[in-house]
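J.: Below, each chain spelled out in residue letters.
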Amino acid sequence: MTTQTSPIHVLMVEDDAEDVVLTKESLTNSKVTLDLHVVEDGEEALLYLRKTPPYASVPRPDVILLDLNLPKKNGREVLSEMQQDIHLRSIPVIVLTTSDQEEDVLKTYELGANCYITKPVGLDQFMKVVNAIDNFWFSIVKLPSRK
Amino acid sequence: MTFRTRQILIIDDDADDILILEECLSRTSLHFQVTALHTGSEAIPYLHEFSHGKIEGKPDLIILDLHLPDIEGVELIHAIRRHVILRITPIIVYSGSDDQERLHACYAAGVNCCLKKPSNIDEAMTLAHAIHEFWFTTIQLPNSYVQR
Chain A
1 MTTQTSPIHV
11 LMVEDDAEDV
21 VLTKESLTNS
31 KVTLDLHVVE
41 DGEEALLYLR
51 KTPPYASVPR
61 PDVILLDLNL
71 PKKNGREVLS
81 EMQQDIHLRS
91 IPVIVLTTSD
101 QEEDVLKTYE
111 LGANCYITKP
121 VGLDQFMKVV
131 NAIDNFWFSI
141 VKLPSRK
Chain B
1001 MTFRTRQILI
1011 IDDDADDILI
1021 LEECLSRTSL
1031 HFQVTALHTG
1041 SEAIPYLHEF
1051 SHGKIEGKPD
1061 LIILDLHLPD
1071 IEGVELIHAI
1081 RRHVILRITP
1091 IIVYSGSDDQ
1101 ERLHACYAAG
1111 VNCCLKKPSN
1121 IDEAMTLAHA
1131 IHEFWFTTIQ
1141 LPNSYVQR
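Residue numbers (our numbering), protein chains in the order written: chain A, 1 to 147; chain B, 1001 to 1148.
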């Protein structure tokens, strides 16, 4: 298990306000201290990751929760640009999306996603998935840049 | 709940550690089969033979001890990520070390996650549950679609 010394910075890239609220709600019971930042499209995500104003002073995320279907730039484009950037490619990306299409799953792994989760239908099931992410990624996994 | 037998490839030079993890996995409700390799000199020919169709049973998941006696772990990760069939198979790396540089190198090389290597039965059980409940229950694995 990891020993937490500072909050885990999570960047959530999600344009569905309801999913953001549900995710925040599900993470309120987390055993670790989380610092969740939300951006609503792929372009904003890349500005954030590259610390481009207005994101010049934001922390580097320890983990990214990425939707695939996003305005401006979609999740696949974000993954692709991250893979080409030596400073960004080591940040773990959890894809959380409505799609369960084979093409999306395979392409997303090809683009370097660390895991692919299909958003379940129903409030309880969605919260269960977020809790599973919390229990695994924020408690068990050794994240880069964290001592 | 799926009852398909999951293929797990474990690469670890400590045969006892593999046996303990197998025992812990068998205490979950996962149906699985383990292929165990112990060194780089076993793993590299395995990758070669696998790509030539000489080995059956594509792994759903690869568990790799970063510290192998005869190959740099990150080099083996690169070899798997270049492999024609296994290039998107999830790799879980475990290690006893907290070396940040190697941790970054592992993620940059394309591992799916890095964990602390279990040092007792309780930690091995935690890993077994995580494999069952997260990797084989919550997420979509590429092997769900690709059949050899």
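Hints are computed from structural coordinates only; laboratory data are not their basis.
Hints are supplied without guarantee of correctness; some may be wrong.
Simulated pairs of lysine-lysine, BS3-like, Cα-Cα distance not exceeding 27 Å [stated by the list, open to error]:
id	chain 1	residue 1	chain 2	residue 2
1	A	Lys-51	A	Lys-128
2	A	Lys-31	B	Lys-1117
3	A	Lys-31	A	Lys-107
4	A	Lys-31	A	Lys-73
5	B	Lys-1116	B	Lys-1058
6	A	Lys-107	B	Lys-1058
7	B	Lys-1116	B	Lys-1054
8	A	Lys-72	A	Lys-31
9	A	Lys-73	A	Lys-24
10	B	Lys-1054	A	Lys-128
11	B	Lys-1116	A	Lys-31
12	A	Lys-73	A	Lys-119
J.: Next step is simple, just say for each hint if it's right about the structure.
T.: Results for each hint:
Between Lys-51(A) and Lys-128(A) the alpha-carbon distance is near 32 Å, which puts this suggested pair outside the 27 Å criterion. Proximity of Lys-31(A) to Lys-1117(B) is assessed by CA-CA distance (about 21 Å); at most 27 Å being required, the pair is judged to hold. Pair hint Lys-31(A) plus Lys-107(A) does not hold up; C-alpha atoms about 33 Å apart against a cutoff of 27 Å. Taking the CA atoms of Lys-31(A) and Lys-73(A), the gap is near 33 Å; set against the 27 Å cutoff, the hint is violated.
At most 27 Å may separate the alpha-carbon atoms for a hinted pair to count; Lys-1116(B) and Lys-1058(B) meet this at roughly 25 Å. Distance hint between Lys-107(A) and Lys-1058(B) is fulfilled; the C-alpha atoms sit about 19 Å from each other, no more than 27 Å. For a cut-off of 27 Å, the pair hint linking Lys-1116(B) to Lys-1054(B) is broken: about 33 Å separates their Cα positions. Using a Cα cut-off of 27 Å, the hinted pair Lys-72(A) and Lys-31(A) is violated, with the two alpha carbons roughly 35 Å apart.
Between the alpha carbons of Lys-73(A) and Lys-24(A) the distance comes to roughly 24 Å, so the proposed pair stays at or under 27 Å and holds. With a CA separation close to 41 Å, the supplied pair Lys-1054(B) and Lys-128(A) exceeds the 27 Å bound. A threshold of 27 Å between alpha carbons decides the hint, and for Lys-1116(B) with Lys-31(A) the separation of about 18 Å falls inside it, so the pair holds. For the hint linking Lys-73(A) to Lys-119(A), the alpha-carbon distance of about 20 Å falls within 27 Å, and the restraint holds.
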